[in-house]
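Undergrad: Based on the provided sequences and hints, a complete structural model is requested.
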Amino acid sequence: KQEVTQIPAALSVPEGENLVLNCSFTDSAIYNLQWFRQDPGKGLTSLLLIQSSQREQTSGRLNASLDKSSGRSTLYIAASQPGDSATYLCAAPNSGNTPLVFGKGTRLSVIA
Amino acid sequence: EADIYQTPRYLVIGTGKKITLECSQTMGHDKMYWYQQDPGMELHLIHYSYGVNSTEKGDLSSESTVSRIRTEHFPLTLESARPSHTSQYLCASSDRVSNQPQHFGDGTRLSIL
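Listed in order, the protein sequences are those of chains A and B. Using the numbering used here, read the first sequence as starting at -10 and increasing by one per residue. Using the numbering used here, read the second sequence as starting at 22 and increasing by one per residue.
Treat the hints with caution; some may be incorrect.
Said to hold, decoys possible - Covered, in the sense of this in silico footprint (three residues per stretch, anywhere, with C-beta under 8 Å from a C-beta of chain A), are these stretches of chain B: (1) 61 to 67; (2) 124 to 134.
Said to hold, decoys possible - In silico DSS-like pairs for lysine-lysine, Cα to Cα no more than 30 Å straight-line: (3) A:Lys93 / B:Lys78; (4) A:Lys31 / B:Lys39; (5) A:Lys57 / B:Lys78.
These are computed hints drawn from the structure, not numbers from a lab. Just so it is clear, CB atoms sit at the ideal spot from N, CA and C, and this is done for glycine as well.
TA: Rendered as structure tokens:
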């Protein structure tokens, strides 16, 4: 059964810093991996989807990498802004093409 | 902006009541999902559907039931609510070839007294 772990649980940085959020997963034969953002009291917004054949995906200031052999993914946020403050969730399928297993998330605070 | 709607947003109700949480999407997506999330914890899949008249249980055992009579509608029902059902319930949908959720609703925060 897939297990997804995210560290750190919380992170506070000053505005403008570049930062990295970490995600590890136990089953390296993953179909794909997703990063989501969750704002307080809201649902999730899909940020980046990396297929198993890909090494990274980029969207604006966000870059997500995938290393299946080590069971790790990172989300890089460049030039952080207060509007980036949210909880960031990493998720991967339990096995093959099945619904997602989520990590507990990293709660990010960007201080102006 | 995703067109997936959940009602009610908040519900406080007494033990033993029958509850239905509504989820509707206007995007014509075949795949829909229900997740349960306790504060500060990960999401757990409780039910999913890949199309009309198709429903499956997720990884987390749940006393709730679901139905999928229409593509756009995926309600979740608790026949007799208990305090242990207190949680946030998130609905999602997808039209991706991959069987993963794509759009999420804002959730229903349920409190059972």
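Undergrad: Take the hints in turn and mark each one as holding or not.
TA: Verification of the supplied hints:
1. 61 to 67: With 6 residues closer than 8 Å to chain A, the segment 61 to 67 of chain B meets the three-residue bar; holds.
2. 124 to 134: holds (count 6)
3. A:Lys93 / B:Lys78: Cα-Cα ~21 Å, so holds.
4. A:Lys31 / B:Lys39: This hinted pair holds, its Cα atoms lying about 25 Å apart.
5. A:Lys57 / B:Lys78: holds, 28 Å
Of the hints listed earlier, there is not a single one the structure fails to meet.
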